[in-house]
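So you can see what is in the structure, the chains are spelled out below.
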Amino acid sequence: MSLLTVQDLRVSIGGKSILTDIDLSVEAGKVLGIVGESGSGKSMTAYSIMRLLPDGSEQNGKVILDGTELTSLSEEQMCQVRGRRIGMVFQEPMTALNPLHTIGDQIAETVKIHTNTSRSEARRITLDTLRRVELPPEEFPPSRYPHELSGGQRQRVVIAMAIALRPQLLIADEPTTALDVTTQAQLLHLLKRLVDDDQMGLVLISHDLAVIASTADDIAVMRNGVVVESGSTDVVFNHMQHPYTRELMKASGHVPQKLASTAEVTSPLLVVKDLVRDYKVARKGVFDKVSFFRAVDEVSFTIYRGENVGLVGESGCGKSTLTRAILGLEDIQSGSVSLDGEFVIANEVMSLSSRRKMQVVFQDPYGSFNPRHTVGRLVAEPLHALAIQPDRRARERAVHEVLARVGLQASDGEKYIHEFSGGQRQRIAIARALINRPSLIILDEAVSALDVSIRAQILDLLVELAASDDIAYLFISHDLSVVRSFTDRVLVMKDGRIVEEGETETVFRSPSHPYTKSLIAAAPTPPKVAH
Amino acid sequence: MRRRRNLVIGALLCLLFIAAAVVSFVWTPFDVVALDIANKLKKPGGAHWFGTDHFGRDILSMIMVGARTSIAVALVAVGIGMVLGVPLGLFAAAKRGTLIDELIMRGNDLIFAFPALLIAILITAVLGPSAINAIIAIGIFNIPVFARLTRAAALSLWERDYILSARVAGKSKLRISAEHILPNLLNLLIVQGTIQFSLGVLAEAGLSYVGLGAQPPTPSWGRMLAESQTMFSFAPHLAIFPGLAIVFTVLGLNLFGDGLRDYFDPRLRHNRHDESPEAIVKDQQSVNDEQGVS
Chain A
1 MSLLTVQDLR VSIGGKSILT DIDLSVEAGK VLGIVGESGS GKSMTAYSIM
51 RLLPDGSEQN GKVILDGTEL TSLSEEQMCQ VRGRRIGMVF QEPMTALNPL
101 HTIGDQIAET VKIHTNTSRS EARRITLDTL RRVELPPEEF PPSRYPHELS
151 GGQRQRVVIA MAIALRPQLL IADEPTTALD VTTQAQLLHL LKRLVDDDQM
201 GLVLISHDLA VIASTADDIA VMRNGVVVES GSTDVVFNHM QHPYTRELMK
251 ASGHVPQKLA STAEVTSPLL VVKDLVRDYK VARKGVFDKV SFFRAVDEVS
301 FTIYRGENVG LVGESGCGKS TLTRAILGLE DIQSGSVSLD GEFVIANEVM
351 SLSSRRKMQV VFQDPYGSFN PRHTVGRLVA EPLHALAIQP DRRARERAVH
401 EVLARVGLQA SDGEKYIHEF SGGQRQRIAI ARALINRPSL IILDEAVSAL
451 DVSIRAQILD LLVELAASDD IAYLFISHDL SVVRSFTDRV LVMKDGRIVE
501 EGETETVFRS PSHPYTKSLI AAAPTPPKVA H
Chain B
1001 MRRRRNLVIG ALLCLLFIAA AVVSFVWTPF DVVALDIANK LKKPGGAHWF
1051 GTDHFGRDIL SMIMVGARTS IAVALVAVGI GMVLGVPLGL FAAAKRGTLI
1101 DELIMRGNDL IFAFPALLIA ILITAVLGPS AINAIIAIGI FNIPVFARLT
1151 RAAALSLWER DYILSARVAG KSKLRISAEH ILPNLLNLLI VQGTIQFSLG
1201 VLAEAGLSYV GLGAQPPTPS WGRMLAESQT MFSFAPHLAI FPGLAIVFTV
1251 LGLNLFGDGL RDYFDPRLRH NRHDESPEAI VKDQQSVNDE QGVS
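For the record, the sequence lines run as chains A and B. Be aware that the first sequence starts at 1, since it is given in this note's numbering, and climbs by one per residue. Be aware that the second sequence starts at 1001, since it is given in this note's numbering, and climbs by one per residue.
The set of hints was computed from the structure by calculation and includes no laboratory data. These numbers were taken from a predicted model, which means no experiment stands behind them. C-beta: ideal position from N, C-alpha, C; glycine also. Honestly, I wouldn't trust all of these hints.
[Said to hold, decoys possible] Which residues of chain B face chain A? A few of them, derived with a C-beta cut under 8 Å, are:
id: 1; residue: Val1033
id: 2; residue: Trp1158
id: 3; residue: Arg1160
id: 4; residue: Asp1161
id: 5; residue: Ser1165
id: 6; residue: Ala1166
id: 7; residue: Arg1167
id: 8; residue: Val1168
id: 9; residue: Ala1169
id: 10; residue: Gly1170
id: 11; residue: Lys1171
id: 12; residue: Ala1178
id: 13; residue: His1180
id: 14; residue: Pro1183
id: 15; residue: Asn1184
[Unchecked claim] Only pairs whose alpha carbons sit at most 20 Å apart, straight line, appear in this in silico SDA-like list of lysine to any residue:
id: 16; chain 1: A; residue 1: Lys62; chain 2: A; residue 2: Ser43
id: 17; chain 1: A; residue 1: Lys284; chain 2: B; residue 2: Gly1097
id: 18; chain 1: B; residue 1: Lys1173; chain 2: A; residue 2: Leu383
id: 19; chain 1: A; residue 1: Lys280; chain 2: B; residue 2: Lys1095
id: 20; chain 1: A; residue 1: Lys357; chain 2: B; residue 2: Ser1172
id: 21; chain 1: A; residue 1: Lys415; chain 2: B; residue 2: Pro1266
id: 22; chain 1: A; residue 1: Lys357; chain 2: A; residue 2: Ser338
id: 23; chain 1: A; residue 1: Lys415; chain 2: B; residue 2: Pro1129
id: 24; chain 1: A; residue 1: Lys289; chain 2: B; residue 2: Gly1097
id: 25; chain 1: B; residue 1: Lys1173; chain 2: A; residue 2: Ala387
id: 26; chain 1: B; residue 1: Lys1095; chain 2: B; residue 2: Arg1160
Input sequences plus hints: build the corresponding full structure.
Listed below in structure tokens is the structure:
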């Protein structure tokens, strides 16, 4: 008898069908991985198990937890189930904790809501739970506040809140997506251990096939609100039945076909020399000395024309600061950046001609556009850097041309950005970067927020554009498998320094720096596809 | 649909009061200056729809004429605050951390530090009491409100990716302020504007009460309220009708402001089809964040 059985689950919101005929089962002490792209209904499945669906939604079918039919419980009885018998962990560790409460209070709160324990008993459970999530109270006393912890540690606290009462079932919705690879590996390990120790069932939801493959015992692949394939992980990966599963596998391991570039790879395009960027640290007292934090520490590297360079590092290593310094948006304390022989200076007198040669594509397809301008106006913005401003006709022509190149319609120029999907928005961002025919595009996690199939398309598009326009890319990413398949050369950054540099394949095959080694070891390996 | 309804109801209410103010220039049911002691403190009904005050003046006529003073004072005062405060705030945000930023914001603190009434007394001491001087006093007090709001909101907008890409395009900070920051502040400014308008009506009432606003016999809603105070127990209609006039004007302006804000937001204007639910939810969240809806 399974711990959790979901039968014929159907959910519709406002008459629109979201989930159809979902059948799932989770055994005690096992991990069920639910994998799918955005909009596939994986989170909705989790919410319907918890009965936390948004207003106006209708739920049919059975959800049975250890003999209890959850769908027949009243809201009050359901409150007793949530937190006590089912724990839940969300994606974003930065917002899941209340910044004004100590971590101890937040863990104890779960205990106090559901049980009549005394203060001292609740405290004992809290300390015990912290130990279970590997935050020993000697080092991490419960009196700490969330801001005093790193992202990974916060996520451990969130897990501690979910498992404080030893629930039978834990639902984790993309628990490691916002974390660095090494932290992600540790957290997945922790979740596995908790499942074994407590004989708890775990529903692990992720868009990342590699994460699911390395953690889950059973797997369910979802698409458009339907489970298209399910079974034990081995069976699913070795004998894929559904074409969609195969497609998903192929896309996640997608290697863009490199096209021969016509550019001379020997002439340097971007030269960064001994770049240093210090930040003033806020003084704690009025009379304290001003101290500095060195975000970028004497970084030097060169990108040649038409080259594809990866920059890898975990959050806080100085990647973003470096990017902004290269773009001339940050003052630098010493060193220099030059593009095509011309120095990049961080102020408004920087020559527009060197502005024109450098463009950037950001990660978040939702935040990188002004929602009040039409797409045409957004895409045309970089034209500002041209010496001679084109007239309205020429502008329109340029916009149409560049939209067509990224696979969109000319008529899309009149629409607003919210009318496009995440993948389309990223195409628009690329169009905006292309319109001035730059020689360098900085891709700041440009494909990280995209689904694997869309990501594969965008990578292909980027490769195609690089070949036809002789564009060099600085590809910044935390996703090692994409960096490996996309770039020619790679830089590994840690604590503001470049610790390793070399041909991508060489670095990945035989990393020399211990940090690179640990990064590569921590990256979840995509499952092998059986043909 | 609901959003469109707000706009229409708000616009109708605003139009009603503006019409009352305009009509009062050529016609009112009774003369607001003439005294008619025989008919003093009449209950609402008959010839005097809203009743009469302790001098026998018709309340409806006084509200119509008072609309001129109240609406004009509040609107112009909000206008002064916005026209001066918003550019100051935008400028300070663009020059964040520099001496200019400090100077602008500390100057605003200085104005904020004085109670509005004190400034009003100061101004009337120099220029003499009148409706115009009340406008100036309330307007000056609105400047730091808008400057601070604009600066704070602009600072968070400056961190957005689309501002970065505008900077990558080589646009100057002032141009980015006008092109990208200001349109995205519209939501906040409209909401704050309607709040300041209602505060303006009340401030004018306060100033008139101490004799620094519009001078008698020119009626204003504020002074009508103030004068009704002592007679509230036996003639409540003296307070209720000007009170309702203020409430409905503010309500109308709020609805109108809300409706306008949504009307100007392209994210709420278009039909959305063939799109993933996530995208809709995310966009809606960003709209809600900006509007402070939870």
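Can you name, in rising order, the numbers of the hints this structure does not satisfy?
As far as the earlier hints go, 1, 2, 12, 23 are violated by this structure, in ascending order.
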